[in-house]
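Trainee: If you want the building blocks of each chain, they are given just below.
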Amino acid sequence: MTHPFLFFQWLVEKLKFGYTSEQLADFGYFNHVTYAWATMAILILAGFLASRRLQKDPKGFQNFMEVVLEQIERLIGETMGSEGRAFFPVVATLALFILVSNLIALIPGFMPPTANPNTNLALALVVFLLTHAIGFKKHGLSYIKHFTGPIWWLIPLMLPIEIIGHLARPVSLTLRLFGNMYGHEVVLMVFLSLAPAIVPIPMMLMGILVAFIQAFVFTLLSMIYFAGALEEAH
Amino acid sequence: MDYFTWCIITAGAAMTLGVVPTALSQGMALKSALEGVARNPNASGKVLTTMLIGLAMIESLAIYVFVVAMIVLVANPFTDKVLQMLGAAH
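If you read the sequences in order, they're chains A and B.
In this text, residue positions in the first sequence follow the numbering used here: the first is 1, and each later residue adds one.
In this text, residue positions in the second sequence follow the numbering used here: the first is 1, and each later residue adds one.
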């Protein structure tokens, strides 16, 4: 199912940049990459605007960004404790990137990059690899005790279960975000083709809610995974 | 009936069967969380955060069903094989 109108695809097809028509046709497969770059541009611009004239008594946009980041930091403190403070950059980046890329769908001609499983798999793999990197860095080789269960003769039973459970994490993170965003897109497209006037508006409002909740859930789950890797094996 | 009709019927039935228990369990989770908040309003923040995670976990079951339904509808890996078999049978 292709999007009816995508701004960047239209722009590239108009301007052509000296590409052949085959290369331009291939461009349509990578719209999620284009829009992920657009999201990054928005975030970099926001960071630049917020920190351009730093004041001790923040006003306007700086105040807004400080409130947002303070909320994320408070959440990290609640779920991961004081040790989680070190992971503020990666968690805040994940949260802001997913939130902005979900909300970008509200602009006409933009698609959320999270409505493509590839973007989500990239994010989920970052979380998955970082979880185990944290675990090995914190506990050394005894991190393996996380996988072996409490009693030694249960190891043959617990090890496969734990490994499957850990491998299921990136899959479920990917599919949850992808399914929510893509499902919302599909529902909206069906409603727009059936009754374009007023009917899609409640679904769009639902979309804002879904965007916030899914960004929150992804961030919170990755924080819980990090916290699980940090704590001692029972 | 032809193959694509079966695909559509399968996807619709899967969505129905997948969504009904999900909706019921989400309602149960919401009910217990609200009861917990009513008993202890001070803990509302933590209870509602936990409830949101739980709701997302439950919802992901329905989302898996949706993904499978979309695969059956638009990107079915068995389409070529089935059409070949049907072509051979005719």
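What the hints contain is simulated information worked out from the structure, not anything from laboratory work.
Just so it is clear, CB atoms sit at the ideal spot from N, CA and C, and this is done for glycine as well.
It is possible that some hints are incorrect.
Estimated spans, in silico, between C-beta atoms of each pair [as the list claims (entries may be wrong)]:
#, chain 1, residue 1, chain 2, residue 2, range
1, B, V74, A, I198, 23 to 31 Å
2, A, G28, B, V19, 28 to 36 Å
3, A, P108, B, V19, 24 to 32 Å
4, A, P108, B, V82, 36 to 44 Å
5, B, V20, A, F212, 21 to 29 Å
6, B, V19, A, L125, 27 to 35 Å
Residues on chain B that point at chain A, a partial pick, calculated with CB under 7 Å [to be verified]:
#, residue
7, F4
8, I53
9, G54
10, I58
11, S60
12, I63
Trainee: Need the list of violated hint numbers for this structure, in ascending order.
Mentor: 7, 9 and 10
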